[in-house]
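Take a look at the letters that make up each chain.
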Amino acid sequence: MTSAPTIATPTQHPAVERIRTLWPAWGWSLVGTLVVLVAVIGVSGGSPLQPLSQALTLVPYLVLVAIGQMLVITLGPGNIDVSVGTNVSMASYASVAVGAAAGPGAGLAAAVGAGLAAAACSVIAILVLRIPPIIATLATSLIVSSATLMLADANRSGAPAELRSFVNARVLGVPLTAVLVAILTVAVVIVLRRTRFGLAVVATGQNSVAAAKAGLPTRTVTGVTYLISGALAGLAGGLLAAFISPSTSLGTSYLLDSVAVVVIGGTLIAGGRPVPVGVWTGALFFVLLSGLLNLLGLSVGAQNILKGLLVVLVVVISSAATGTGRSTVRRLRASLTLPGTTTKQRNNTDG
Amino acid sequence: MTSTETTAIVDGTRGGTALLTVDAVSKRYGKTQALSTVSVELGEGEILGLVGHNGAGKSTLVRLLAGREASDTGAIRVAGLPEGAAFTAAAAERAGIRMVYQELALCPDLTVAENAALSDRRPTGALWRRRAERRIQDTLDEVFPGHGISVLDRSGEMPMAQRQMVEIARALCTDRLRLLILDEPTESLGVDAAEALYRYLHRRTADGVSAVLVSHRMHEVVGHSDRILVMKDGSIVGQYPGGTTAESTLLAAMGGEVSTDTGTLERVEAELDDQEQPAAAREGAAVLALTDSRGRELTARPGEIIGLAGLAGQGQEGVLARLWAPGLLSRSVTVPSSRAYVPGDRQVSGIFPLWTVAENLTIAATRALGRFGFVSGARKRELASTWVDMLRVRGGAAAPITSLSGGNQQKVLIARAFAADAELVLLDDPFRGVDVATKNEIYTLMKAEARSGRTIVWYSTDNKEMAHCDRVYVFRAGRIVSEMPGSDATEQRIIADSFDETEGELR
Chain A
1 MTSAPTIATP TQHPAVERIR TLWPAWGWSL VGTLVVLVAV IGVSGGSPLQ
51 PLSQALTLVP YLVLVAIGQM LVITLGPGNI DVSVGTNVSM ASYASVAVGA
101 AAGPGAGLAA AVGAGLAAAA CSVIAILVLR IPPIIATLAT SLIVSSATLM
151 LADANRSGAP AELRSFVNAR VLGVPLTAVL VAILTVAVVI VLRRTRFGLA
201 VVATGQNSVA AAKAGLPTRT VTGVTYLISG ALAGLAGGLL AAFISPSTSL
251 GTSYLLDSVA VVVIGGTLIA GGRPVPVGVW TGALFFVLLS GLLNLLGLSV
301 GAQNILKGLL VVLVVVISSA ATGTGRSTVR RLRASLTLPG TTTKQRNNTD
351 G
Chain B
1 MTSTETTAIV DGTRGGTALL TVDAVSKRYG KTQALSTVSV ELGEGEILGL
51 VGHNGAGKST LVRLLAGREA SDTGAIRVAG LPEGAAFTAA AAERAGIRMV
101 YQELALCPDL TVAENAALSD RRPTGALWRR RAERRIQDTL DEVFPGHGIS
151 VLDRSGEMPM AQRQMVEIAR ALCTDRLRLL ILDEPTESLG VDAAEALYRY
201 LHRRTADGVS AVLVSHRMHE VVGHSDRILV MKDGSIVGQY PGGTTAESTL
251 LAAMGGEVST DTGTLERVEA ELDDQEQPAA AREGAAVLAL TDSRGRELTA
301 RPGEIIGLAG LAGQGQEGVL ARLWAPGLLS RSVTVPSSRA YVPGDRQVSG
351 IFPLWTVAEN LTIAATRALG RFGFVSGARK RELASTWVDM LRVRGGAAAP
401 ITSLSGGNQQ KVLIARAFAA DAELVLLDDP FRGVDVATKN EIYTLMKAEA
451 RSGRTIVWYS TDNKEMAHCD RVYVFRAGRI VSEMPGSDAT EQRIIADSFD
501 ETEGELR
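First to last, the protein sequences are chains A and B.
Here UniProt numbering is used: position 252 in the first sequence is 252, and no number is missing along the way.
Here UniProt numbering is used: position 243 in the second sequence is 243, and no number is missing along the way.
If we strip away everything but chain A, and leave its shape as in the complex, we get (with noise of 0.2 Å):
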């Protein structure tokens, strides 16, 4: 692990060092959420609630998805999940075919085995065969398209209606589904903060070679986590099944928005530090993103090409401001400075 946080600069003012360290990881995605909201509510003038309702409906499962791929990440250099997006596919048909027979517990708890039976293979292959978790997952995500092309062969039947209900039901004009992600986005915050798998997830991601120095079971902890992001995404595939219909395309945008949510949230891309708020914050300024261009009257290419570029910018922007990683915008401040004001940041060793 080599990205120590960097100490800060002693020409700054202490309020601004304050402020700094009051300031949470996820307050510039909270920000940029806001600027968004009040953007979709003066171009389309309607009730400022109304956008942020619809946003609910849709959060939910990208932040089931983007927790999953936050723990990944958080597990330090190297570690991603890309087969969440094709897990999602998968699942969404899984729920479907068991839902039909059985009832939908059992086609969501299907779709919540189909993720972990993908899951199992990325870790057979990172911690028996010692994959690159990048290139495990991108073989599993194969196996799983083939699987999802089988599974939409043999059944063509919808959700059951009993999940269409639970999915679409609110509670105090609140999605349900965004108040129980709500409530297992807590119990992540206290798994995180409060119990030894938690640090040791997050103790591998800062220096693995400390943590098994230190006693943690760090391929384990590799393992369970991977397993939980399939889960997850297994999850939310059938979840979405009856939210929206199965499809092997469903979860194609799972993959790359669950990453950028992450980040955006202000969880660390070294890995080391998670922020489940963040994904919140994230996933609500993605989703009311893409209503705001679609209010405009962008088209599709057009649209992704902006949200490539707004992706940047926050990320720019907040590892900027946080200091917590040596971003562009403040490698750029650095040599515009003149040289010999410019503060070499090293890690403190002072003997």
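Hint data in this document are derived by calculation from the structure and do not stem from the laboratory.
Every value quoted in this text rests on a predicted model; they were computed, and no experiment measured them.
Just so you know, even glycine gets a beta-carbon here, dropped at the ideal spot from N, CA and C.
All the given hints hold, so there is nothing to weed out.
Covered stretches of chain B, as calculated for chain A (at least 3 residues, CB under 8 Å): (1) 341 to 355; (2) 360 to 372.
Sample of chain A residues lacking proximity to chain B, with all beta carbon distances greater than 10 Å (derived): (3) Ala-169; (4) Ser-247; (5) Gly-291; (6) Gly-297; (7) Ser-299.
Which chain B residues face chain A? A few, computed with CB under 8 Å, are given here: (8) Val-375; (9) Gly-377; (10) Arg-416; (11) Ala-420.
Based on the hints, put chain B in the right spot on chain A.
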């Protein structure tokens, strides 16, 4: 203490010209004033010793000398550089200043030769690889005869001692070298390699190359410096001639306890009195056994401190690794089920850089800090503050671990191992970059913890420290060559046994 009142020290060049002048520099990191108006003048061909406790500002000063960081106020002038120009890393390099880092700075995935080529500023052509290989090979051969390093090996796979040699040699490869800064160069080296380094250093200074030597090993600083500066709390508090100054004089000037730190002993013992005292010490059955490749056995009973001695890199680290992770099928190793490990390579395999002191300290003890996989926050804070108070970790439990000096980070890592409540504690060269006062604190802690029934096995590159053990095993080429009680473990005896051919194999 001869010159405690003056912080500006401007004499001491041996009548020759000054190579480098540090003029009233100050440096602050956040709340910590690392240096306050320090002035130093360094002559050509001079070896300047720099001593002081952890966090006294030695490393900050040498980083400024190498241009790695800019001072807040004051200036650094180097002979030959234009007046008033910014003193950056590039400028320092042009002036022929090179630094050997305390925390090794080699790229682990590159070979020795590639690492050397990385830091070589001479123009390189198509055959850079071959040229770099030859340069580093020649330098290694010259400085460390019989070093046993292949320049085509990846540096990440080499033991600490060899990496340190490469780090030194690649600094010495520099064209027109004028100032060599050595920050704890011998912490990982064995006695023979350290002596070879100093012999070479004196040859180079005779040609006008200057050197700054930062070390906690007082006898080395005294024996090899022309002039010694003592630092304390970011200032220079004394200047002494090399060669003749007594080590105790320097230690007194540094402001540390020269004798055993009774304060720590009292604090540690008070802590232990609260717990019940298992009396099953030293007479009990062996809890640990390891057989080397020729069938000689290493054993340890509860409450024993076992030292692994010998020249550096003779398999002691391998023994620690086998005791830490014996593997499922290994029948030659018997160890207690709960073990804790203090890694030798602090930055690479020790600290969690994004965490605070408290989080770093308690991570290995999480099993004992709660139930059903949950970790109690209150008990975690309590455990952390107990150890932070006991070992006097500067900065406190809530400070980020990276804001601590190397010695204080090491205290946290040692506290982590002892806080884990393991039956067997393994320490891999725990005194790397640690000052004398801290060393005494850690010895005391080890003794007190052993008294409560734990087994401690440790390895040190400094064979003089082995006198603190109950029993010592001397290693050569991965095998045990002798065993002795700690009271007999003098440096001479260990070195003699390390070279004793009657015990060794026939070549």
